[in-house]
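Asker: Chain A is already provided as a structure; the job is to place chain B on it using the hints.
Just so you know, the protein sequences line up as chains A and B, in that order.
Counting in this note's numbering, the first sequence tops out at residue 384, every number present.
Counting in this note's numbering, the second sequence tops out at residue 766, every number present.
You can trust all of the hints, since none of them are fake.
Here are the simulated lysine-lysine pairs, DSSO-like style, with alpha carbons at most 27 angstroms apart:
no.: 1; chain 1: B; residue 1: Lys738; chain 2: A; residue 2: Lys296
no.: 2; chain 1: A; residue 1: Lys292; chain 2: B; residue 2: Lys710
no.: 3; chain 1: A; residue 1: Lys175; chain 2: A; residue 2: Lys296
no.: 4; chain 1: B; residue 1: Lys710; chain 2: B; residue 2: Lys738
no.: 5; chain 1: B; residue 1: Lys710; chain 2: A; residue 2: Lys175
no.: 6; chain 1: A; residue 1: Lys175; chain 2: B; residue 2: Lys738
no.: 7; chain 1: B; residue 1: Lys710; chain 2: A; residue 2: Lys296
Which bits of chain B does chain A cover? Going by a derived footprint, with three or more residues having C-beta under 8 angstroms, they are:
no.: 8; stretch: 672 to 679
no.: 9; stretch: 703 to 715
no.: 10; stretch: 739 to 745
If you're looking for bench data, these hints aren't it; they were derived computationally from the structure.
Think of the CB as a built atom: it goes at the ideal place given N, C-alpha and C, for glycine as much as any other residue.
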Amino acid sequence: MGAVTTRPGLDVSDPWSAIEACYAQGWTDGLPVVPPTEALVDAMLAAGPWLPDHALLHEPVRDRSVTAEKAAINAVMAGCRPEYFPVVGAALLAIGDPEFMLHGPATSTGGSALMVIVNGPVRERLGVNARANLFGPGARANATIGRVLRLVLLNCLDCRPGILDKSTQGWPGKYSLCFAEEEAASPWEPLHVSRGLPPASSAVTVYAAESGHNVLSHGTSDPERLLTCFADAMAGLGSLSPGRSVIVFAPEHAAYLARAGWSRRQVQEWLYAHAWRSMADLKRGGKVEPAFFTNPSLVDWLYRDSPAGPPDPLPGPDDAEDVRREDEAVRVHRGLGPDDILLAVGGGEAGGHSAFFPSWSRGRSVPFVTKEVPI
Amino acid sequence: MIRILDPTLATAAAPATAPRAPRAATLRGATLGLLANGKSNGMALLDRIALHLQERHGVDQVVRVEKTNASAPVRDEDAELLVKRCAAVVTAIGD
Numbered sequence: 010m011g012a013v014t015t016r017p018g019l020d021v022s023d024p025w026s027a028i029e030a031c032y033a034q035g036w037t038d039g040l041p042v043v044p045p046t047e048a049l050v051d052a053m054l055a056a057g058p059w060l061p062d063h064a065l066l067h068e069p070v071r072d073r074s075v076t077a078e079k080a081a082i083n084a085v086m087a088g089c090r091p092e093y094f095p096v097v098g099a100a101l102l103a104i105g106d107p108e109f110m111l112h113g114p115a116t117s118t119g120g121s122a123l124m125v126i127v128n129g130p131v132r133e134r135l136g137v138n139a140r141a142n143l144f145g146p147g148a149r150a151n152a153t154i155g156r157v158l159r160l161v162l163l164n165c166l167d168c169r170p171g172i173l174d175k176s177t178q179g180w181p182g183k184y185s186l187c188f189a190e191e192e193a194a195s196p197w198e199p200l201h202v203s204r205g206l207p208p209a210s211s212a213v214t215v216y217a218a219e220s221g222h223n224v225l226s227h228g229t230s231d232p233e234r235l236l237t238c239f240a241d242a243m244a245g246l247g248s249l250s251p252g253r254s255v256i257v258f259a260p261e262h263a264a265y266l267a268r269a270g271w272s273r274r275q276v277q278e279w280l281y282a283h284a285w286r287s288m289a290d291l292k293r294g295g296k297v298e299p300a301f302f303t304n305p306s307l308v309d310w311l312y313r314d315s316p317a318g319p320p321d322p323l324p325g326p327d328d329a330e331d332v333r334r335e336d337e338a339v340r341v342h343r344g345l346g347p348d349d350i351l352l353a354v355g356g357g358e359a360g361g362h363s364a365f366f367p368s369w370s371r372g373r374s375v376p377f378v379t380k381e382v383p384i
Numbered sequence: 672m673i674r675i676l677d678p679t680l681a682t683a684a685a686p687a688t689a690p691r692a693p694r695a696a697t698l699r700g701a702t703l704g705l706l707a708n709g710k711s712n713g714m715a716l717l718d719r720i721a722l723h724l725q726e727r728h729g730v731d732q733v734v735r736v737e738k739t740n741a742s743a744p745v746r747d748e749d750a751e752l753l754v755k756r757c758a759a760v761v762t763a764i765g766d
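Only chain A is shown next, with the shape it has when bound in the complex (with noise of 0.2 angstroms):
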């Protein structure tokens, strides 16, 4: 190999050994890693606009930063090419705005995933996937860029399992979150100029995302029946709360919705005004805890859709799961008003099934994240 380093590593005899002396170190999410050799992490940082200590993720409840070279070390084991690193860097400067308030997803029992949506021409240059299987194996871009996120997690934020990441489950999309948006089959502009950014620009949107949900409907092309569907599984119980809701539309219902003439409000809308549970549901499933009544923006999103407003006085702690009569008629919806459903479109031609990721929490969690990649 080339001149002594100064640069802090391991000395090892070969590949092999590399790999299981990074399992030995602790530097791995459980897959096997490509080993980071100087040469390869100096590619790596070359395809990036950054300098090596420029701090592209400053986590400020830890007062931890993440530089360039730290990124690239972690882009190059999570089996990036260097190409992907300006989509890398994009990413995780996007995790660390401040507004996305990066230590609640990265640490809670919530167990998210950091979802990574690819816009724009860098698509098609990196082969991220937006066709079939979008979410799934096959696609390396897709496979590595959203691993390293959460590699820079474990190693360079230290949120281990069960120590700082405090997970109850967890879920597979924690390993890798990313796809790209098949622009070409929605009706609507592509997401990233729906954020403010200029149609030729490639860009990511970031997102603290649970499992996904399956939105299967094959048996109509009507776009109320259709959205009937979608609206059921944003108001289910289970996730029910005032966060966000990402809803990836197959080709196939994207198409119904653009006969149609649906536009993107039209449809954020509708959903918002649909997907919606009574406060009598609520309570019947212990989703009313006795503490959101002394939070003015947990009542706030309770009643915000009530025309007769927050009762007076507020239920206290002791009746506040007693369903009442008039709970029957208070609308509790997901989210707190249109803007919190955004809308993509990904999947193969063929099938009916599009898919609905709840945000991370209980509460109102953290917003979309919009950044450009530096091409």
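Answerer: Below, chain B without anything else, positioned relative to chain A:
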């Protein structure tokens, strides 16, 4: 031999660490800070703890600070308030 690089921050430059505050010699007559992390029952738990500390250790006044969100860092002005007013601070999650 192959050198593989360390992906962790263990060998990176350590973040600037604030010095630890001196331990309070006694809580008798002291002002106690309560920092709830923003979860639903954090302050309820801390209020119980403060009551015990008042009864058993003579804590005098209590300053309450609640983070806006469990995912967010404590606000600078709240941290300054705790530093200025309190001899000791107790924090809790209280989910």
